[in-house]
Amino acid sequence: MKAFWQLLRKELLAQRWAVGILLGLSFVWHLLLYSKIGIWYPQAILSLGLIPFFFIHLWILWISIQVYRTEWAEDTAYLLLSLPVSSWLITGVKLLTVVLYTCFSLLVIAASYFTFFRGEIISAIQPYLMYLETGWYKRDLINIGLILFIFFVGSIMLIHFSYICSRMVNRLRGLVLIWVFLLSNWVCSQLANLIEPLLNWLPTFGVDLPYVEFGNLMLREYRIPSSPFVSYILVVFGLFALGNWLWEKQIELA
Amino acid sequence: MLKIEFDKAQPIYLQIIDQIKKALARGSLNPGDKLPSQRELALTLGVNPNTIQRVYREMEQMGLTETLRGQGTYIKQGDDLVKMVRSEMVNTVAENFINEMLALGCSKEEIMTLVKQLLDKSIKLKG
Amino acid sequence: MVEITGLVKVYPDTRALDGIDLTIDSGKIYGLLGPNGSGKSTLLKCIAGLLRPDQGQIKVFGQRPGRVTKAKVAYLPEIDYLYRWMTIGEIINFVAAMYPDWREDKVDELLKNMNLTKEQKINSLSKGMRARLKLVIAMARETELVLLDEPLSGLDPSSRGKIVDMILSEFRSERQSVILSTHEVGETENLYDEVIFLDKGTIRIMDQAEKLRQNHGLSINDLFREVFL
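As you go down the protein sequences, you meet chains R, Z and A in turn.
Be aware that the first sequence starts at 362, since it is given in the working numbering, and climbs by one per residue.
Be aware that the second sequence starts at 1495, since it is given in the working numbering, and climbs by one per residue.
Be aware that the third sequence starts at 22, since it is given in the working numbering, and climbs by one per residue.
These are computed hints drawn from the structure, not numbers from a lab.
Please note that the accuracy of each hint is not assured.
Derived BS3-like pairs (lysine-lysine); straight-line CA-CA distance at most 27 Å [claimed, not checked]: (1) A:Lys-93 - R:Lys-363; (2) R:Lys-363 - A:Lys-139; (3) Z:Lys-1516 - Z:Lys-1577; (4) A:Lys-133 - R:Lys-363; (5) Z:Lys-1620 - Z:Lys-1516; (6) R:Lys-610 - A:Lys-80; (7) R:Lys-363 - A:Lys-142; (8) A:Lys-232 - Z:Lys-1515; (9) A:Lys-127 - R:Lys-363; (10) A:Lys-232 - Z:Lys-1502.
Make the full structure from the sequences, and use the hints.
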């Protein structure tokens, strides 16, 4: 347990600049837009204010690689790989670091968005507020959020797997990283398709799609099987486990 | 007690034994004196503890020292020991000197006069 | 404690190790000597489990190098492998949490002997101080095997002296072995029980240091020069 906390502390502190840069840029951007309130169209300000949420995808990609790359760039891989701890502890903590920092950054950026543009948001959604009264969207938010979270964590796991694979070669590591990442996504979808029929006994879950008819809010429920998601999770875990095996048994430090 | 400039081309343990014998012959070490622990000596001389272990083992075999359980290693009691060590060392030094002089082609008379001269000089110097 | 047979390690451009047979016994300090590029680092990395043999095998405490043996081996690499943004106190806490054999009671004493304090930042340390810190971390464990890769290379005389002194004072001859690699024998001359001369990935000479001195009438340092220069 002590090892886990020390590793997590180390990862969080090592990547704190990456988070600082993201949040700093996002804050400056929101501040800039804030100064344009009353000058630019409110819709333009609200849309442009969302840019950090798109930008964060690239940032996640970057920091996911960064948590591994810095270990080699700063030679600390020698320390990390001579520790007598399970590879799962090391790779798991790196994964957790990216997840924690992403969630934290999303929360901070969202808070900044809602704080800076509170007035604009309220007047923009005012006409639709009556449709939200029943709180029907809560289930959707949870279900869709969960699906996004699964693919988000899955993607990071595949990036980490790809990085470890790229460490198996001496040249063209960047190319190998990209190639393995694309290939592993393809493998995931193929394997997930193969496994999925075996899991069709799993329950389905519902997502409500709203539409307006004669000024009334109507909901249509779609039932979505959970087996594709579960099989995706299984395959991603399989590749992540392979990455762990490579980490413990194959990676070399020349 | 010991300050050794090692001649690194010779086995180190032999040099240490030699130095201990010299200290004994000079009287800076005496029968009954306690030797430092092996660890201590290794650190002061800056040599591997296994080398010191070997020194102590060989000295014990030579009858120079005795180890009392739980108390440490001591120079063996008895005047004979010092005398013996001293005469052994004196003999070796003298023999070496003579051999070298002979090898340089000095005659017996030459050696004798030279020794006498040098001896007088160094006694005079020391007052 | 270490058994190596027929070890071969090939890099794209060289055979770094070309058939090494070696047995490391308990209770001795081994000098792994050879010029740059002779394969010293590669051999130590193989024992530490950071490189895998292409041919032959390595047994450390009867096992192939891996997570289990890493817990029993202290490895000091030649490069600076510590997180530079940490303070000495932070890196000490970090490694202390990783190794079950960490000697908490010993660390303060070792740091003090090396003139280091826990508040110092690693990226503000001089080269000599970083080398001393690395040795503290390697020696603050109760390990049976210590691998020191070039612990003295490129250091000032005072740091070299401190490092040699600490290796001597912390070496536990009853149950520990140290393998120290270097390309300059100099002040480590008196440390060795056994000496291994490595040349282009093969063992050139392997014998007791005292025996070599006696048989050749040369210091290990001079013998090294004679063999390699």
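Okay, the hints, checked on the actual structure:
With a CA separation close to 19 Å, the supplied pair Lys-93 (chain A) and Lys-363 (chain R) stays within the 27 Å bound. Restraint check for Lys-363 (chain R) and Lys-139 (chain A): satisfied, since their Cα atoms lie roughly 20 Å apart, inside the 27 Å limit. A C-alpha spacing of about 12 Å is found between Lys-1516 (chain Z) and Lys-1577 (chain Z), which places the hinted pair at or below 27 Å, so the restraint holds. Annotation: proposed proximity of Lys-133 (chain A) to Lys-363 (chain R) holds, straight-line Cα distance about 25 Å (limit 27 Å).
Taken as a hint, the Lys-1620 (chain Z) and Lys-1516 (chain Z) pair is honoured in the structure, with Cα atoms around 21 Å apart against an allowance of 27 Å. Proximity of Lys-610 (chain R) to Lys-80 (chain A) is assessed by CA-CA distance (about 15 Å); at most 27 Å being required, the pair is judged to hold. Simply put, Lys-363 (chain R) and Lys-142 (chain A) have alpha-carbon atoms about 22 Å apart, close enough for the 27 Å limit, and the pair holds. For the hint pairing Lys-232 (chain A) with Lys-1515 (chain Z), the CA-to-CA distance comes to about 22 Å; that is within 27 Å, so the pair holds.
As the CA atoms of Lys-127 (chain A) and Lys-363 (chain R) are separated by approximately 19 Å, the hinted pair is consistent with the 27 Å bound. Under the criterion of a C-alpha separation no larger than 27 Å, the hint pairing Lys-232 (chain A) with Lys-1502 (chain Z) is consistent with the structure, at around 12 Å.
The structure fails none of the hints (numbered hints given earlier).
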